[in-house]
Amino acid sequence: MVEVNLWSGLRAFADGKDKVEIEAKTVGEVLLGLVKAYPGLEPTIEAGVSVAVDGRIIANSLTEPVSEDSEVFLMQRLKGG
Amino acid sequence: MPLDEYKPQSGGSELKGKSEFTHVGTSPDRPDGLDKVTGRAKFGADANAPGMLHAAVVRSPHAHARIVKIDTSKAEALKGVKAMVTRADFATDLRGENWNVLENVMAGDTALYDGHAVAAVAATSALIAKDAVKLVEVEYELLPHVTDVDAAMAKGAPVIREGAADSSVPAGMHPNVVRYHDSGHGDVEEGFAEADLVVEESFKTEATHQGYIEPHACLGTLGNDGKGELWCCTQGHWNVQKICAALLDMETSQLRVTASEIGGGFGGKTSVFIEPVALALSRKANRPVKLVMNRSEVFRASGPTSSASMDIKIGMTKDGLITAAKGVFRLQGGAFPLAPMEFSAMCAFACYNLKHVKQIGYDVMANRPKQAAYRAPGAPMAAYAVESVVDELSNKLGLDPIEVRLKNASKEGTKASYGPRFERIGLVETLEAAKAHPHYSAPLAEGQGRGISCGFWFNHGGETSVSLAMSEDGSAQIMVGTPDIGGSRASMALMAGEVLGIPYENIRVTVADTASLGYNEISHGSRVTYASGLATIKAAEAAVRELCRRAAQKWGIEEDAVYWEDGCAKPSGPNAGDFDPLPIAKICRSMGRTGGPINGHFEATPEGAGVSFATHIVDAEVDPETGKTSVSRYTVVQDAGKAIHPTYVEGQFQGGAAQGIGWALNEEYVYGEDGRLQNAVFLDYRIPVASDLPMIDTVIVEVPNPGHPYGVRGVGETSICPPLAAIANAVSGAAGVRLTELPMSPPRILEALEKNG
Numbered sequence: 021m022v023e024v025n026l027w028s029g030l031r032a033f034a035d036g037k038d039k040v041e042i043e044a045k046t047v048g049e050v051l052l053g054l055v056k057a058y059p060g061l062e063p064t065i066e067a068g069v070s071v072a073v074d075g076r077i078i079a080n081s082l083t084e085p086v087s088e089d090s091e092v093f094l095m096q097r098l099k100g101g
Numbered sequence: 021m022p023l024d025e026y027k028p029q030s031g032g033s034e035l036k037g038k039s040e041f042t043h044v045g046t047s048p049d050r051p052d053g054l055d056k057v058t059g060r061a062k063f064g065a066d067a068n069a070p071g072m073l074h075a076a077v078v079r080s081p082h083a084h085a086r087i088v089k090i091d092t093s094k095a096e097a098l099k100g101v102k103a104m105v106t107r108a109d110f111a112t113d114l115r116g117e118n119w120n121v122l123e124n125v126m127a128g129d130t131a132l133y134d135g136h137a138v139a140a141v142a143a144t145s146a147l148i149a150k151d152a153v154k155l156v157e158v159e160y161e162l163l164p165h166v167t168d169v170d171a172a173m174a175k176g177a178p179v180i181r182e183g184a185a186d187s188s189v190p191a192g193m194h195p196n197v198v199r200y201h202d203s204g205h206g207d208v209e210e211g212f213a214e215a216d217l218v219v220e221e222s223f224k225t226e227a228t229h230q231g232y233i234e235p236h237a238c239l240g241t242l243g244n245d246g247k248g249e250l251w252c253c254t255q256g257h258w259n260v261q262k263i264c265a266a267l268l269d270m271e272t273s274q275l276r277v278t279a280s281e282i283g284g285g286f287g288g289k290t291s292v293f294i295e296p297v298a299l300a301l302s303r304k305a306n307r308p309v310k311l312v313m314n315r316s317e318v319f320r321a322s323g324p325t326s327s328a329s330m331d332i333k334i335g336m337t338k339d340g341l342i343t344a345a346k347g348v349f350r351l352q353g354g355a356f357p358l359a360p361m362e363f364s365a366m367c368a369f370a371c372y373n374l375k376h377v378k379q380i381g382y383d384v385m386a387n388r389p390k391q392a393a394y395r396a397p398g399a400p401m402a403a404y405a406v407e408s409v410v411d412e413l414s415n416k417l418g419l420d421p422i423e424v425r426l427k428n429a430s431k432e433g434t435k436a437s438y439g440p441r442f443e444r445i446g447l448v449e450t451l452e453a454a455k456a457h458p459h460y461s462a463p464l465a466e467g468q469g470r471g472i473s474c475g476f477w478f479n480h481g482g483e484t485s486v487s488l489a490m491s492e493d494g495s496a497q498i499m500v501g502t503p504d505i506g507g508s509r510a511s512m513a514l515m516a517g518e519v520l521g522i523p524y525e526n527i528r529v530t531v532a533d534t535a536s537l538g539y540n541e542i543s544h545g546s547r548v549t550y551a552s553g554l555a556t557i558k559a560a561e562a563a564v565r566e567l568c569r570r571a572a573q574k575w576g577i578e579e580d581a582v583y584w585e586d587g588c589a590k591p592s593g594p595n596a597g598d599f600d601p602l603p604i605a606k607i608c609r610s611m612g613r614t615g616g617p618i619n620g621h622f623e624a625t626p627e628g629a630g631v632s633f634a635t636h637i638v639d640a641e642v643d644p645e646t647g648k649t650s651v652s653r654y655t656v657v658q659d660a661g662k663a664i665h666p667t668y669v670e671g672q673f674q675g676g677a678a679q680g681i682g683w684a685l686n687e688e689y690v691y692g693e694d695g696r697l698q699n700a701v702f703l704d705y706r707i708p709v710a711s712d713l714p715m716i717d718t719v720i721v722e723v724p725n726p727g728h729p730y731g732v733r734g735v736g737e738t739s740i741c742p743p744l745a746a747i748a749n750a751v752s753g754a755a756g757v758r759l760t761e762l763p764m765s766p767p768r769i770l771e772a773l774e775k776n777g
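These protein sequence lines map, in sequence, to chains A and B.
In terms of my numbering, the first sequence opens at residue 21 and continues consecutively.
In terms of my numbering, the second sequence opens at residue 21 and continues consecutively.
Excised from the complex, chain B in its bound form:
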């Protein structure tokens, strides 16, 4: 089918009934499991090449400084050093986001944050490269800095980059405000006047890191002939190819990029940080160059999420009807534009059917690393602020928090807070399932509190190519272009098995390199099971059509007199002829003599991703002596549309909740007065470990997405939207204090308890 010809079916006309599925909805062993537990899987740092050099990066120790001079002479004189690069070794005529990415990858005339790369060296060993870094002499002229979002917007704040604001920013704003968003409908003042109670509160959340276990790593080769090879851990290797080609001023087709296994990404591997540096060094040294970040570099120089400052005002009647809602969302995205403030604004009130709503967003630059996406970028902090206020209103009015949310819940046909009307959605179903769950009615122990929160995320489709090839024994190979960040190879095999009627074990799914398949957008936006899944189904259906044609040819009947069932071609009825079913293996065994190889492929930009909602229930208790919060019980209820591989779906639910617990309770970027990051190691940046977490219970709600043949909705991001607020609401119930700043770390809890007397 040609590009873009596929149209989602309204009303789910392609959906199979549950009872019709054979493979979909089962949870077989993951295909990469053995490789990963035995160490056979090859991650970013596992690639090697003959003659390979090792690279290290010189980074700014200052939050903001003009680079007066870089003297590399002593480093270059060190035995074993083969190449050095600075900004002068990259393309010079870039514009827009490519320029921003290059500015982040290698500083120009100014170091913009602590950890900003200013030069890099390649040497015959990693130790020599590190020694050479120490010999690079950089002369800085210190400039005033700012790292807090509110301070960065204030009058007199140091300007990060003059002229960076786009045309959306109203006149009179500080130059660090670079984009502005304003949306909504109705008249919020009229709505607030109708309320019996109005609660207005301000909130702050700190930047958190995606915390993937595998640091950024790559192996690049760029020869004198202008041809390049790159091996890297990434969520999107076509995107890496495109950006690297631009930054190195080469043709995209001359750079082949292969994605390694990935040790976590969560949005943080949707950009590039070191790959162009390795390639530039390789081009200079004419040898392969490996570059691996250490953990400190990951924290200091690869994107955390934005920090945020937010004001929320919501009005409610005595019986729980929300009359109006307003939110202001200020997000800093480091020393570069594109903090996801518009997603904060658009997601903030999406769970509610509102007559009057207004949301405003500010994208603010500060002296911090360039933010990167982190699971539903912009949405979790907005949900924290909004759902905290909804909880306050429910408490003050003596109303049940789930009943309040049900009373105001968005449904099919509701005009969303961000504009259009919703198609079929499953928020009410998640709330009903949460209400019916034993967790919600279980008694609380002394000192415990229970929190509820809902969350929303858009999901995404995107450019997608899939190719399927039948083997002569009737097994199938599938090539996808979306790196497997959440179990997608298993899900693709299940969906292809469903169409082909062959066992899951007979299908091998490979993430193809950029030279082996058509373009694929990044694995982001919870799009892979939806979009690559849709393309896999369509590719398998194309193969089935050809398999049926070969059977018709053998039987001497019309093609449309053959149908496919249980892995066999069958005559469609008595009139078609009396033939025994023809198994897939038999058709494939002779395919070379009956018309050639049997393949299927599908390329499209599917646009029916379908939005997703979740409701979380949390029980927590607070130690009044230490201020430590313990999460004692946690239940995630989320609409998956259709769970292709249920245990993987549950894993996504649990992963989002676990990361949300870290964000809510402990994780934060801590900057000193000098603008340097104070906690750039896991000992000081505290992500949750197993002993911090309860077993996270899950309920998969299935309200089919009409835009996917089997009803799939993305599940990877929505799960991180409710936890921050759900935990804050539980803490409020347990300790009797409302924390308006994350993380709710022990010192903050103790301070709040003390203030509360």
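Okay, chain A solo, but in the shape it has when bound:
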């Protein structure tokens, strides 16, 4: 299981938790698993999020690997100017 940290504003959609455990081997599986376990997160994830894995911010690639040791944070989707 991978521990996924949510930003505080998402607690309301994850039974009040700011950390949840998801069975996943990739970033894409993390996102799918989050929606399956907590459907209230779907609009946020559908709107676009980034996932930080061990400090590296993954903005797009669903195939990036994650492991049980990974520090995983859900983040707002990145863009720029």
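Simulated from the structure, these hints should not be mistaken for lab results.
Don't take every hint at face value.
So the derived label-pair ranges between C-beta atoms look like this [said to hold, decoys possible]: (1) A:Leu-52 - B:Lys-338: 45 to 55 Å; (2) B:Pro-178 - A:Asp-38: 30 to 40 Å; (3) B:Asp-339 - A:Leu-52: 45 to 55 Å; (4) A:Leu-52 - B:Glu-771: 47 to 57 Å; (5) A:Leu-52 - B:Arg-115: 16 to 26 Å; (6) B:Lys-574 - A:Glu-62: 50 to 60 Å; (7) A:Lys-56 - B:Asn-776: 38 to 48 Å; (8) B:Ala-191 - A:Asp-38: 16 to 26 Å.
Computed cross-link-like contacts, DSBU-like style, restricted to lysine-lysine with a CA-CA straight-line distance of at most 30 Å [unchecked claim]: (9) B:Lys-648 - B:Lys-455; (10) A:Lys-39 - B:Lys-431; (11) A:Lys-45 - B:Lys-435; (12) B:Lys-775 - B:Lys-648; (13) B:Lys-375 - A:Lys-37; (14) B:Lys-775 - B:Lys-333; (15) B:Lys-775 - B:Lys-416; (16) B:Lys-333 - B:Lys-247; (17) A:Lys-37 - B:Lys-435; (18) A:Lys-39 - B:Lys-648; (19) A:Lys-39 - B:Lys-375; (20) A:Lys-37 - B:Lys-333; (21) B:Lys-431 - A:Lys-45.
Being a predicted model, the structure only gives us computed values, none of them experimental.
Backbone N, C-alpha and C define an ideal beta-carbon position, used for all residues, glycine too.
On the provided structure of chain A, position chain B as indicated by the hints.
Chain B only, in chain A's frame:
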């Protein structure tokens, strides 16, 4: 290599030592320089086509009004008018951001801001088109309006759009609050209780425009066969293709988009404003249509940045340790969602290693144009507020501002204020370099103040395709899909030259159109030198592998017994055979007879952009009679990871500082009580000119990014994060007053001086 297979190397294992670089780190002449100084470069308005029509747009003079009726009959009767479009000429089943973009491009049943497009006309000349605009009769029913962010959130404020809020917004908020962000860690109240001094202050910043010199311009053709061509100035033509196709209900592949040279973008050309209108008019008239905004239209109807209202509270011990920090960031993004409040929140405290931190953001709609990105969207205003409070705390506790920042600085392994732990970063290195710079120890003249500020931006990777083709003489052509907004063609040629071992001058880099290369994300997020650069290196390496294979074939030895050095294939050792080096030109001359053309390409979504930090030092003085602030000395210190073309990097540093000076001192959107923009020309919207600026000194710090083969970090956006606060801190030191509202224009300074007695 297949999509997404490339993985950044942890610890920078691919990095070359500085001494190994031949081309990288040099600053040859820019490849587009001659074209631009001789007028040969073709910008958005420079394209023409046989039978071309000229378009003009009918815009709302009201901040908020229901469109009762649009009567185009008189305009259509004018000789020379060939087509008119309104909202009815665009797709009707759009959702999400495509719907928002269309709503901004052409109003539906309501005009949402002064300058909102409500109709457009195409005619045989620009003058006839303008005359026709005056003949379009629009009947409006005026609605109450609001343009200030705090007023837009207040009870009783006019509602811009019912039901626009998403599920993140807590119950009970005004309907104009459409998104909400809440993040952080620790317990800020516990942290504030540990502080010896707590400073709490509120700040406001006005909207500023990106101020690019080239207005939006395009030439569109959309024929009866459903095939389209579009020439436009943009930071991302695949994005233009995608949005235009959606708004015109056509297949993406049927629209070819070519990016012109670009006269500045800074984030403001990452969306579309006029391109779908030109195409819709062309579809109706069956002729090419050119549409060029004038400066007033650029100000009124193409995205400025958000205005902001912010509350900051920071606690500090007597020896300068920050015990807790809290920020509330309210950003209005015009009459549409997506003001970048989450970036304000996430960037605000990123420079600091904090045990207790909390940040809250509100995305607020108001009767203003749809905001667009502007260099590190959301971050500069947040840095202004936070770094002003850090300065106040340092002053009140008698501490050196750089030492305070060093004591609290984020480092590799620090838990960032936005959640994860940092990889290798260079904030401390920029602070140390600033401290050691002669500027920091230079004595100040009477009446001068010195300000320090740090800044942070994420940077980005994104979808990227690059193709490289060898010519028979051994020179190379490279096709990239990221419009060159900051010197990227030179940087790509340098990186390819490094791999191929051929001179910079032997490489030509072209920004390909959407029909000539795979998908490329917009040139935004400071991503181009990082992502297109990485793809260029990998494409060149693919070509080198093939060049080595041809040499091995010629010599009759194994491919892995050949290596590439200085533009030649060489046998890897005595056991491989005794062969003279085979130059690239010789291999390429016979490539048609040895297996065919030699090319290389690379497609990926690189995800190792690496964040970036900067520290700025500013000296300023304030004229107590007029309230005018003069910036007398300015130094930018920033981590570039690895500067591929150092003078271009310095240009990015200086450009960010110059724009920041304008934002801090003079630039602002001024709305009247009627909700109309009062200063929609450069005479009244005052960007800095050369005489306003000192020579901006630069220090390039290089803490390599492990996610790029040569260590590159994006540099285009971080440079605009520190200036607002650095200048405010200098003004505070010079005039003895703390301004909490930008711009610090002469009237505001005089008012503050008067209040201060």
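Range agreement (Cβ of B:Arg-115 with Cβ of A:Leu-52, hint 16 to 26 Å): With Cβ atoms ~22 Å apart, the hint holds.
A:Lys-39 paired with B:Lys-648 [C-alpha distance capped at 30 Å]: violated (51 Å)
Hint consistency between A:Lys-39 and B:Lys-431 [alpha-carbon to alpha-carbon, up to 30 Å]: holds (24 Å)
30 Å Cα cutoff - pair B:Lys-333, B:Lys-247: Given that 30 Å is the threshold and the Cα spacing comes to 56 Å, the pair is violated.
Outcome for the supplied range 38 to 48 Å, where the beta carbon pair is A:Lys-56 and B:Asn-776: violated (59 Å)
Given hint B:Lys-333 paired with B:Lys-775 - CA-CA distance at most 30 Å: OK: B:Lys-775 and B:Lys-333 at ~24 Å, within 30 Å.
Pairwise hint evaluation, A:Lys-37 against B:Lys-375, where the allowed Cα distance is 30 Å at most: It holds: about 20 Å lies between the C-alpha atoms, which stays within 30 Å.
C-beta pair B:Asp-339, A:Leu-52: status relative to the range 45 to 55 Å that was hinted: holds (48 Å)
Holds or violated: A:Lys-39 to B:Lys-375, with C-alpha atoms at most 30 Å apart: Measuring from Cα to Cα gives roughly 18 Å; hence the hint holds.
Restraint check for B:Lys-775 with B:Lys-648, where alpha carbons must lie at most 30 Å apart: Distance ~17 Å between B:Lys-775 and B:Lys-648 Cα, so the pair holds.
Proposed proximity, A:Lys-45 with B:Lys-431 (alpha carbon, max 30 Å): Cα-Cα ~29 Å, so holds.
30 Å limit on alpha-carbon distance, applied to hinted pair A:Lys-45 and B:Lys-435: holds (23 Å)
The structure is inconsistent with the numbered hints 7, 16 and 18, although it conforms to all the rest.
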